[in-house]
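For chain H, the structure is supplied; the task is to place chains L, B, R, G and P on it using the hints.
Residue numbers (the working numbering), protein chains in the order written: chain H, 879 to 1169; chain L, 879 to 1169; chain B, 879 to 1169; chain R, 879 to 1169; chain G, 879 to 1169; chain P, 879 to 1169.
Check the hints yourself; a few may be wrong.
Note: identical chains are not told apart, hence a pair may lie in one copy or across any two.
In silico DSS-like cross-links for lysine-lysine, where the CA-CA straight-line distance does not exceed 27 Å [unchecked claim]:
#	residue 1	residue 2
1	Lys-959	Lys-970
2	Lys-959	Lys-1040
3	Lys-1040	Lys-1086
4	Lys-967	Lys-1096
5	Lys-923	Lys-1097
6	Lys-1096	Lys-970
7	Lys-923	Lys-959
8	Lys-1087	Lys-1040
9	Lys-1097	Lys-1087
10	Lys-1097	Lys-1086
11	Lys-967	Lys-1097
12	Lys-1097	Lys-959
13	Lys-1097	Lys-1040
14	Lys-1087	Lys-967
15	Lys-1096	Lys-1040
16	Lys-1086	Lys-1096
17	Lys-970	Lys-923
Think of the hints as simulated: they come from the structure by calculation, not from any bench.
If you want the building blocks of each chain, they are given just below.
Number of protein chains: 6
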Amino acid sequence: MALPTPDGPDANAAAAVQELMGGKFGEMSTLMNYTFQSFNFRGRKNFRPYFDLISNIAAEEYSHIELVSATINLLLSGTTKRSDRNTAKNAKAAPLEGEINARNTYHFFASGQASLPVDSMGNPWTGANVFSSGNLKLDLLHNFFLECGARANKIRVYEMVKDPCARAMVGFLLVRGGVHIVAYARALEKLTGANVGALLPIPDVCNKKFPEAAVHEKKGIHRIMYRWSPDDYSQLAEVWNGPHPEDGGELVVVDEVPEGAPWPEFDEEPQLSSPGGIDPDMLKHYAKILG
Amino acid sequence: MALPTPDGPDANAAAAVQELMGGKFGEMSTLMNYTFQSFNFRGRKNFRPYFDLISNIAAEEYSHIELVSATINLLLSGTTKRSDRNTAKNAKAAPLEGEINARNTYHFFASGQASLPVDSMGNPWTGANVFSSGNLKLDLLHNFFLECGARANKIRVYEMVKDPCARAMVGFLLVRGGVHIVAYARALEKLTGANVGALLPIPDVCNKKFPEAAVHEKKGIHRIMYRWSPDDYSQLAEVWNGPHPEDGGELVVVDEVPEGAPWPEFDEEPQLSSPGGIDPDMLKHYAKILG
Amino acid sequence: MALPTPDGPDANAAAAVQELMGGKFGEMSTLMNYTFQSFNFRGRKNFRPYFDLISNIAAEEYSHIELVSATINLLLSGTTKRSDRNTAKNAKAAPLEGEINARNTYHFFASGQASLPVDSMGNPWTGANVFSSGNLKLDLLHNFFLECGARANKIRVYEMVKDPCARAMVGFLLVRGGVHIVAYARALEKLTGANVGALLPIPDVCNKKFPEAAVHEKKGIHRIMYRWSPDDYSQLAEVWNGPHPEDGGELVVVDEVPEGAPWPEFDEEPQLSSPGGIDPDMLKHYAKILG
Amino acid sequence: MALPTPDGPDANAAAAVQELMGGKFGEMSTLMNYTFQSFNFRGRKNFRPYFDLISNIAAEEYSHIELVSATINLLLSGTTKRSDRNTAKNAKAAPLEGEINARNTYHFFASGQASLPVDSMGNPWTGANVFSSGNLKLDLLHNFFLECGARANKIRVYEMVKDPCARAMVGFLLVRGGVHIVAYARALEKLTGANVGALLPIPDVCNKKFPEAAVHEKKGIHRIMYRWSPDDYSQLAEVWNGPHPEDGGELVVVDEVPEGAPWPEFDEEPQLSSPGGIDPDMLKHYAKILG
Amino acid sequence: MALPTPDGPDANAAAAVQELMGGKFGEMSTLMNYTFQSFNFRGRKNFRPYFDLISNIAAEEYSHIELVSATINLLLSGTTKRSDRNTAKNAKAAPLEGEINARNTYHFFASGQASLPVDSMGNPWTGANVFSSGNLKLDLLHNFFLECGARANKIRVYEMVKDPCARAMVGFLLVRGGVHIVAYARALEKLTGANVGALLPIPDVCNKKFPEAAVHEKKGIHRIMYRWSPDDYSQLAEVWNGPHPEDGGELVVVDEVPEGAPWPEFDEEPQLSSPGGIDPDMLKHYAKILG
Amino acid sequence: MALPTPDGPDANAAAAVQELMGGKFGEMSTLMNYTFQSFNFRGRKNFRPYFDLISNIAAEEYSHIELVSATINLLLSGTTKRSDRNTAKNAKAAPLEGEINARNTYHFFASGQASLPVDSMGNPWTGANVFSSGNLKLDLLHNFFLECGARANKIRVYEMVKDPCARAMVGFLLVRGGVHIVAYARALEKLTGANVGALLPIPDVCNKKFPEAAVHEKKGIHRIMYRWSPDDYSQLAEVWNGPHPEDGGELVVVDEVPEGAPWPEFDEEPQLSSPGGIDPDMLKHYAKILG
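This is chain H alone, in the form it adopts within the complex (with noise of 0.2 Å):
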């Protein structure tokens, strides 16, 4: 999906967005969950649709922390002035001095505006998020209280900024994120009879409140599995069937990974030296010399 721009560069909202990324609930903890879940499961051959559901899953989380990361990018794009010392006149110019209040310090100091892998409060992503008993059904229960967790940040993230951009991005995972709690919940219902959808949504407001996350709705995007390898994952569907615990629409593999979007170019911030203002006749002269 393609992110629109935000109303204005924003450090703090960038910082709260930050949650969805590396806390403990954000989507480096998903995608993490389910590669160590998929690199690790043990008698694939007795439970091989289990094994398509979590890793075909963490094929696609792949592209939520690229989003997650894009929204954060754009959202700290010009958020300090830009300048730079090579050409600047004004020895004194201080260009960051304007978020010397910013929440993260971290986006100044550590990255060149950019996103990082911490969390809204700066601590770092870790390991210990990471859950793989190796018992099915206990990794498939965490894998639905994760999800659920999840949703709950999107949830609170979506209340707090206010942003376009970040509440297309928390819109569109709340529907994938929302394709991920249904698919474990359907994961436990085959595998012990459970009626695991029952407890749904989780928290108690539906996607469907969220005009960025209904305008996917629409389209039935809640409904559709993509197979991310065209060789592999072959027997998803017979986990990812059956009725939409919500709204009864019918649960469908669909065998194509969704377009990408454009991705955004981000500007440079010659204040910060990112990427920096190295001189392109030089650049043009070495490239010469080192063919």
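Quick look at chains L, B, R, G and P alone, frame taken from chain H:
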């Protein structure tokens, strides 16, 4: 590449290999560093070859965490006595007893004798390991150092773990990591003219001294940059070209992903309920009901 | 003790008060230090009065984390705009918007505007804060220092947060914490003869300078050790006796637990789905079915 | 319950048992999760039975950290050679020498051969393990998952540690933890109608397979919710009722706290100065002076 | 060098400057990296000039943590309202009230408005920041990268904090840190022949653009290596010689330590009891007695 | 003091000794606590003797981390089989194989068999170990406690590690650390009149029981405060005077730094490329070229 079967289960060998997964210089670090640098790249238009290089290497790193994970899982498979308490006659059995002195108890408590995003001391990988300053030269210098540090760790794991499975993995990663070392050296050379390649090898032992690496170098794999995206990363060859700094062979970009190896099947560990002793009849029953 | 209603919601006051909960010198630390020292006490027969003292204080500390939690919860209640998305007309509402600059975003993302085991910077409390060396003199010295450090933190929170609810809590804890300071000083004196009480007060301001503490000291509460177990801790008075080192009043053991105060009711925060907008009719319906 | 004497001191068994104390799924986690959720409960009036359930379970958890601590302390008692340097003839003695390879050196350096709030790798428990979202359904789901994860850890510790003291403790906690699993399953069922109990047991081995748990289940202890407060938690039975999901027995609330067991006496470890070789005459002398 | 008086107290400026103290690239890191590498140096006889270089730079770094600390302390002095509760008339005063929104509350709770070994987000410095592989080339490469990263952080702090005291400190450290960058570049060149100096400056702005750095470079201080030990480090000049890679000036070893500047006096903060309102008469009295 | 050669390499002894380096009560902690308290001292004019005391002790601590480091390095030297892969005939060699069960793998992966700023469990030292409240009495009390805790750790390491090198180091540090204990006791006594010295020794074993400490105490080294700065710390003797609390000997300030011992040479570990097998001819060649 296909991993050979280990000589036997070996919990402390697996614990040691974890350094290459979740250590500061493990594959989680290389993967996530390049992923974030790729996401955060500013001024891409002017520095496209460098963006392509970093992004393309990030893509390859994903297969490296997979390979390290598989090695750990193979080494851990069967470390404890396989038995199923559901069917066990001896209620007093302690199937994990033999590993009470194992260095990494998380392998037995937190995972089902499988890999975790932790290092050789069991400490979790952290987002603090990601460096993404936004300054291109500094990020490239970091990456060059990171890969050299990673190489030192690989060599030391090789020196400690004699198991052929672990060494096959290390040998392969020495070669592919070696490609990344040269890539970042080349990028710095293109950008500045400094002959960074003259620093190599770091540490001062060349890959060819390791039989499991030499076998790949003989095929020239240390001179190949695989292009992981059919539609992107088209300017790779503007950096990846010229002679290899150690043996002078021609650096080449190859427009395909290396053929995968069969993914090893990991046996069940019923004493850990991994994946779990679910009654297959019950499973079929519910599958029918839930449809 | 009953907490007064805060002057108004104040997220950053709540963030500051967290230091007294999850800080290195917060109530989590005093509670857990004495709990573990009590569990781990060796040679109890020969040192029973000291065991009784530590165990009894541990019991009281539980009520202190409760009190700090209640203060934080009261300060956070209503900090954001109350609204229920399930019933909201305005789909564009951002009820948490006003707190995008709040220092502790965990209060809004991780909790439902409520207390967490973290300090004033949002860093989680850690078991590394527990000291339990097993050497009685060293553990008592630690406890004496810990309580003095805790006192310094309480005073500084008092100096920062003017809210009457927070100050009433601090005032009360200064008095009860003061009892613990004297208790550990007395224990060291009994054990060694050193007049540790002569060091007090640390820091160099006495409780009576704080009106919210003075009100309790007037009632003599700074000289009372409540005995929390009807059947145990019978040798408390062998340590807790003699004159108070600061005002010379008689130290007394009282064989009852102080009367509790009404627990404040915390209003719902529907914009956070806390506790959640479950349809009460549905609830009754299921209750009937499930019986 | 009374703990049997261990077969002998065993430092690495104690190190393993620490997972049940300070691990992510240890008793510190269950205690603190429910304690904070209880403190933070919003809208208590409308959801009183759930508040009562969580608060009452929190109260029971305190006795569980005590039990795990006692087990660790018993296993560590006597692991090193008892001797008192104050009286030792051989100035060259190294009484801890035998434990230089012990997995958890904190047991010998930081504590006096006693329990610490750390896990089986010696990593400290952290407040990051507490989940208290404020959304009731999500918190209950978390608790259900947490207890299942805790159960998996208990079973794995049982599989590793054969010592009868450790196994008696695990057996008892499997039963009481099992009560909490069912309690949160019931709460979710009451709240939503989903038959969460059908997921049990997780992992897929029932308590009755463990002799040390079966002995308690025979007495029906897995169906009893003890009410820990004489004046409170009166609505417990609105959730805790109906048939046990595994064996169909009737769930009952019992209005009393289970009879305590005699607290084990832990012998002195003079080689660690624990509690310390204070001259008893000196002690009496000062006691007389200080009065 | 002597620090100018700040324009005024500024808590968030102090919080930002902490990055240069306890950040991953702060002076704690440079100090401790070189200290450990110096302690751990193997094969010193064959590589003496490198040992001398690293050890000598370690010695200088100690003065750098002192300088950063002094800057922070000056910026924090007077941030809150000075008052002494022991003498205050108004019992209701809240002298720290004005800093309830300050980014780093540890400055007011944990320290007496003074520096701490933490970074700009208040996260503590950690030993994980120390790299000491033992391989000389790798350690030198690390140090070169570390100093470049430290330089980037200094520049960014300069861009954010306009205060003349902070900028004087940064200007001086840019110059001295610049010496260390060149030193490690030279060492790598000596060892391998690679012209590492051609990478400079990293980031792509030279020191002379910063007036507070330029003033020192005019005096040639960027070309001087001070020898910190009268009896040691005699082979420094075997590495530190030749032309400066940026301006071509001659690198020189100077056999003396730079003249110290007067250490600033930090005023008391009585509202924090720092250092504490001890009665001077009492003090004299005891001094006489204890004499 | 000169360290004796260890009885033999011993990796787990080295791992244990790390507690005295990077543990909460290790020499990193004493060094950094006093360093920061010295930097942060407010109101120095009125409390000069205390400033002098803390600063002077800070200076001595630097030599203590050096001594602990040297001990660790000596114990680790030769733990693995020395061999150089560049010259090794047997390509299959695994020189580190013998240490696959060593408790601290960082010694072999992260360092070149050398010390690291970590504790006996391999956990890194953290700035959270620094206490610098600004309140003089509280800081002195902290320091007194810290030194007593450090003493307990030293004794326990002594009890575990029989190696003469380790014990010589511990014996010496018991004496010098003992000086610091008495120094802070004296400071508290001067400031308040409390006879804190009566608490000693903590733990309850006196230094003279340890032959390696007794040898220094016989020379009176436990009564000497060395003055580390020729031009400063002139008011030390206002605190450091009177009788030693344990043996009554006169406390004296000595205006010189103790004579250093020869720094041990650490042999190369070629199997770790530490420092690295650089061709000496190449080295000379480049040295000539680069001049």
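Hints and how they fare:
In this assembly of identical chains, Lys-959 and Lys-970 lie within 27 Å of each other by CA distance solely inside one copy; the values are 14 Å within and 30 Å between copies. With identical chains, the CA atoms of Lys-959 and Lys-1040 are at most 27 Å apart both within one copy (23 Å) and between copies (14 Å). Only within a single protomer do Lys-1040 and Lys-1086 lie at most 27 Å apart by alpha-carbon distance; the minimum there is 17 Å, versus 43 Å between protomers. For a Cα distance limit of 27 Å, the shortest separation of Lys-967 from Lys-1096 across copies, 20 Å, qualifies, whereas the shortest one inside one copy, 54 Å, does not.
Taking the shortest alpha-carbon separations for Lys-923 and Lys-1097, neither the intra-copy value of 35 Å nor the inter-copy value of 35 Å comes in at or below 27 Å. Taking CA atoms no more than 27 Å apart as the test, Lys-1096 paired with Lys-970 passes between copies only; the shortest distance there is 18 Å, against 54 Å inside one copy. With identical chains, the CA atoms of Lys-923 and Lys-959 are at most 27 Å apart between copies only, with a shortest distance of 21 Å across copies and 58 Å within one. For the identical chains of this complex, Lys-1087 and Lys-1040 are intra-copy neighbours only, at 15 Å inside a copy versus 40 Å across copies, given an alpha-carbon limit of 27 Å.
In this assembly of identical chains, Lys-1097 and Lys-1087 lie within 27 Å of each other by CA distance solely inside one copy; the values are 15 Å within and 50 Å between copies. For the identical chains of this complex, Lys-1097 and Lys-1086 are intra-copy neighbours only, at 12 Å inside a copy versus 50 Å across copies, given an alpha-carbon limit of 27 Å. In the homo-oligomer, the alpha carbons of Lys-967 and Lys-1097 lie at most 27 Å apart only across protomers (23 Å), although the nearest pairing inside one protomer, at 54 Å, exceeds that limit. With identical chains, the CA atoms of Lys-1097 and Lys-959 are never at most 27 Å apart, being 41 Å at best within one copy and 32 Å at best between copies.
In this assembly of identical chains, Lys-1097 and Lys-1040 lie within 27 Å of each other by CA distance solely inside one copy; the values are 24 Å within and 52 Å between copies. In this assembly of identical chains, Lys-1087 and Lys-967 lie within 27 Å of each other by CA distance solely across copies; the values are 10 Å between and 52 Å within a copy. In this assembly of identical chains, Lys-1096 and Lys-1040 lie within 27 Å of each other by CA distance solely inside one copy; the values are 22 Å within and 51 Å between copies. Within a single copy, Lys-1086 and Lys-1096 get their C-alpha atoms as close as 9 Å, which meets the 27 Å cut-off; across copies the closest is 50 Å, which misses it.
In this assembly of identical chains, the alpha carbons of Lys-970 and Lys-923 never lie at most 27 Å apart, being 67 Å within a copy and 30 Å across copies at closest.
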